[in-house]
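**Student:** Chains as they are written, first to last, in the working numbering: chain A, 60 to 394; chain D, 60 to 394; chain U, 60 to 394; chain F, 60 to 394.
In short, the hints are calculated from the structure, not lab data.
There's no promise every hint is true.
Note that identical chains are pooled: a pair holds if it fits in a single copy or bridges any two copies.
Heads up, simulated DSS-like pairs for lysine-lysine below, C-alpha to C-alpha not over 27 Å straight-line [as the list claims (entries may be wrong)]:
#	residue 1	residue 2
1	K390	K120
2	K192	K293
3	K172	K192
4	K348	K363
5	K393	K115
6	K284	K62
4 protein chains.
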Amino acid sequence: MIKAAVIGVGYWGPNIVRNMSASPDIDILYCSDLQQERLDYINGLYPAIKTSTNFKEIISKPEIDLIAVCTPVYTHFEIAKEALLAGKHVFLEKPMTSTAAQAEELINIAEQKNLKIFVDHTFIFTGAVKKIKEVITSGELGDLYYFDSVRVNLGLFQHDINVIWDLAPHDISIMHYLLGSYPESVTATGADHLGNGLEDIAYMTVYYPNNLLAHIHTNWMSPVKIRQTLIAGKKKMAVWDDNHPSEKVRIYDKGIEVVQSKDQIYKTLIQYRTGDMYCPKLDGTEALKDEMANIAYSIESDIKPLVDGHAGWMVVKILEAAQESIKARGKEVKV
Amino acid sequence: MIKAAVIGVGYWGPNIVRNMSASPDIDILYCSDLQQERLDYINGLYPAIKTSTNFKEIISKPEIDLIAVCTPVYTHFEIAKEALLAGKHVFLEKPMTSTAAQAEELINIAEQKNLKIFVDHTFIFTGAVKKIKEVITSGELGDLYYFDSVRVNLGLFQHDINVIWDLAPHDISIMHYLLGSYPESVTATGADHLGNGLEDIAYMTVYYPNNLLAHIHTNWMSPVKIRQTLIAGKKKMAVWDDNHPSEKVRIYDKGIEVVQSKDQIYKTLIQYRTGDMYCPKLDGTEALKDEMANIAYSIESDIKPLVDGHAGWMVVKILEAAQESIKARGKEVKV
Amino acid sequence: MIKAAVIGVGYWGPNIVRNMSASPDIDILYCSDLQQERLDYINGLYPAIKTSTNFKEIISKPEIDLIAVCTPVYTHFEIAKEALLAGKHVFLEKPMTSTAAQAEELINIAEQKNLKIFVDHTFIFTGAVKKIKEVITSGELGDLYYFDSVRVNLGLFQHDINVIWDLAPHDISIMHYLLGSYPESVTATGADHLGNGLEDIAYMTVYYPNNLLAHIHTNWMSPVKIRQTLIAGKKKMAVWDDNHPSEKVRIYDKGIEVVQSKDQIYKTLIQYRTGDMYCPKLDGTEALKDEMANIAYSIESDIKPLVDGHAGWMVVKILEAAQESIKARGKEVKV
Amino acid sequence: MIKAAVIGVGYWGPNIVRNMSASPDIDILYCSDLQQERLDYINGLYPAIKTSTNFKEIISKPEIDLIAVCTPVYTHFEIAKEALLAGKHVFLEKPMTSTAAQAEELINIAEQKNLKIFVDHTFIFTGAVKKIKEVITSGELGDLYYFDSVRVNLGLFQHDINVIWDLAPHDISIMHYLLGSYPESVTATGADHLGNGLEDIAYMTVYYPNNLLAHIHTNWMSPVKIRQTLIAGKKKMAVWDDNHPSEKVRIYDKGIEVVQSKDQIYKTLIQYRTGDMYCPKLDGTEALKDEMANIAYSIESDIKPLVDGHAGWMVVKILEAAQESIKARGKEVKV
């Protein structure tokens, strides 16, 4: 049984408390928050959890194995570093840190102390992403051509981060997991319509080797909610519509083939091929449940977690590059 | 009655022949094509039309008022220039020319000789675009924030132009018509997966003054057909789904407003507002019929056409800039 | 503050416990169930609630105002009658009773003792139904022509009731609330594919005065989930798609008009008219919250509840008629 | 080469003329219509076709093999009978005749004279219906449970027939072709909202042996266009959405299975099973082209057509029964 503490129970933290509590492998002993009323709220639901407004006090508890950090992003580094130095495994909300350099430092400390870092990229544990990964890995799609993700809706504006730091960590973590290779560079554009310096709409292209192109559109100002990802390979193509109530993933037996044409002036030489489409049944297990199990198993068996510090670092690295590119109106930034 | 000739009756030309023939205001007297079999095909359908494999012969006919140029893009300039110099009005397939410089030269000649140039941006004449233009012009959307257009499907690959020269002229012409202002610069990315130097997927951001951002995604390799445009303003937002059989345009009474929050740490200050949505009834007149009527009326009354040479030039100008930016991996190119 | 007890906390009862607990106007003091483990489950969540496996014991408590009956349908009558005779208001799960005669007896007892009966027709309290009621009442649709409701999915089969007793109470209660008139007769068809005498698919037509026709399709064996209702009037038509994530209710400015045709042999005299469509913004309050508030207010102010015993009786009356008609292969049964 | 004549070129006849003209196997020599202007219209398009306002004159031509009857339904019998008696094969618009007795008489005459009757049930030749037939025949769906078809839109009202005679021939012909067995009885309901005695909305249940239930909803007064058919079998289920631009047929690996439950009071014994879904690629050949080829092949090779007089008779038989049942408010009528 992993003994855990959660630091930060404001907006998202209570979900982590709930999921860790429900996990048969994790026991939450402590929670911390700067606001006493948030701790009172938690205690109303979970009377057995001990609380403190001082996170350092909690980190110092010897019985704790794992510190979950659910505070604002700019505080992740300080808290996680202190936890690692105190010999605790660390679970971090996404994005992992404010800078890639911070992420690297945490990774180094963890390696030196043989501790694990987990980052809360929950989508990696959904049935949809697991199935698409399986389809790609099996070779069913063939060599990948592009990854195109749209995540737009009329959203709550964040007051301290822009739309890419808010929404794109989902898409980048999924992209990195599915494509499985190291990106070359990023170019991004965006606009801030409220004059507070925080983009509310952004487009990001990520160049991968072998002509693989990735693109992410995030937007807080769309009248309609779209959560759609297209992934095309040489042999087949996949569409993931996360809004669809039942048929989220579709695999199309569609592709391009070269055809010899007699009439070369009016006809083209490259034509498309189209066959059946299928929607695979997806694993219905709740993603957060799977994630908690993976965390517990990874600590207990000392194996690499599915989403480790490197995955978290990659997300921050690409966010940083995109941010820099947006400010320079699409300038290519190496990753 | 306008007397017209059509040059080029390969892939698209027959549609122009059909629509001009059906117009009560236009009479087609001649067709030209390099291939005799295409002319025979036209004569099978329209026995009264005279044909020639020599386009110069047709341009020289004194009774002709209007020359429609439906040949491959790289030949537009030469044919159109000769037609203008012979004193004929000119109707050009989109994109108007291969370079913006060519478009400028044609515009100059036409102005000197008091002739009209028409460019076949058919979407401008659809009920959907007319309605959206009306909604924007009336101020119903408020100041515009962004224009986002997606035009993807598994398409016929062109053997001489890439996906932006093939598909984006639709989106650019619509964008230019609806936004009504002059763009500042373009940044674009894309990839060529078949190794022939022609991008099959491309993303283009167009910067406009006043923080108005436009983005166009064109793609020949999508397993699903998407033709969707989001246009958001300060007051309302519009969605145009051209695939929807009956409800193509939706106007959402949605927007962003600043709200004072008591709990400033966990809540944001900017929230969204949401009200009714409506689908306006659209004018059901066929776009090409309207377009032909506008051409005839423009010549007969000597008034500016709805889609003139400047509109055609703008499309080519942006295509050129996007092309340059794609090759330089997203470098900003001034328009 | 209304003091309540819940009898039956198996499948649906815990939801009632949760909603009554969350209501600022209702206080749950007792729960009863035949199975001790269900009571233990409730006590795990709500330690303050007292429990008993003997419902009679709870009904006899003098401090209780309201008894909620969430047991299997065939036990509703006995429990509710005892509660009414003990001077308690009664809230009944739908359908209210197994027979219309039982419903009538309960209504009579309640009237004699000046007690209230509430039936859990939750849909009446949704934003969608409230809006449609408003649109109909305002005369916007004009005289009503038909009501067509489809409620199908691959559902959990019930072991003691057929698909109409399981699903159609939703549609019938909505229909009765929206149409507001007394039906004349019912004809229904159905089939039992598992050989247990319980129909898994059923179609029901309900005849109303003035040529108003209602039809309900319920089905446990549909591969797709459909929850769609069409309501057409002389002036406008409404569509309610309860599966749509955001645009559940659509009002179409569509109708029929008589047109004089010159060419009477090939053209018809009656044509359709089509205008804008709009999706009204719906009240987002949770239906169960509204329902609880209505119950408390009705008891405290001694006013007629929105869903009273007569509404519950009408549902059972139509279910009975439909059942009889199904067994007689569509024979018309007077209501 | 089959030599054909078309009688009736008002509303639908010109489509038959066009398709027969385009067929490499059929040559149209004559057309007839009571109105000279319709014949002039045909001659404008097809100058080689000879015309007459007297259909008897055309039937008597010895060189004609096939008479296509595209006149109003109430005239089908007289014209077709005269054509058969003159030794011609007959192609009839749907519905075949006004009464089943008339259809029987035509079938008898055709058999005696060894002539063929074809009925224009075009949907039988679509890729969607061919694929569903293949899936059913292969046993993939298992024993059939139900067939549910909805065909509703805001339609042109017919001035001489009600909505079932107008729309249901499509559904009935498809149902008969797919289910392949003989129905037992029909019960139907409907309403006439314009007071002309012609129902504009109708529901029809058709009982088949072995608990197979079919239902057809036809409606001229729906604000939305729905063309959807559900077909469920013991093993799998199919959905045909004819409005979907690309994925018309879906095969769901879903069904019902009996599960032993430990907790028999709160859980049911029968649960659903759900697996992958697939959309088979459909044959894209135009249905009318296939139909014409089948007609020509059937005459030339003297084999049974895919849609013969018996198929046409079955449609009329069920329409008659439904009509009788509607007038008797759902009374079961034996077929």
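**Student:** Would you mind marking each hint as holding or not holding in the structure?
**Tutor:** Evaluation of the provided hints:
1. Proximity of K390 and K120 under a CA criterion of 27 Å is satisfied in neither setting, with 48 Å inside one chain copy and 53 Å between copies.
2. Proximity of K192 to K293 under the C-alpha cut-off of 27 Å is restricted to the intra-copy arrangement: shortest distance 16 Å within a copy versus 33 Å between copies.
3. With identical chains, the CA atoms of K172 and K192 are never at most 27 Å apart, being 32 Å at best within one copy and 63 Å at best between copies.
4. For the identical chains of this complex, K348 and K363 are intra-copy neighbours only, at 18 Å inside a copy versus 46 Å across copies, given an alpha-carbon limit of 27 Å.
5. Taking the closest pair of Cα atoms, K393 and K115 never come within 27 Å of each other, the shortest separation being 38 Å inside a single copy and 53 Å across copies.
6. Taking CA atoms no more than 27 Å apart as the test, K284 paired with K62 passes in neither setting, with 38 Å inside one copy and 43 Å between copies.
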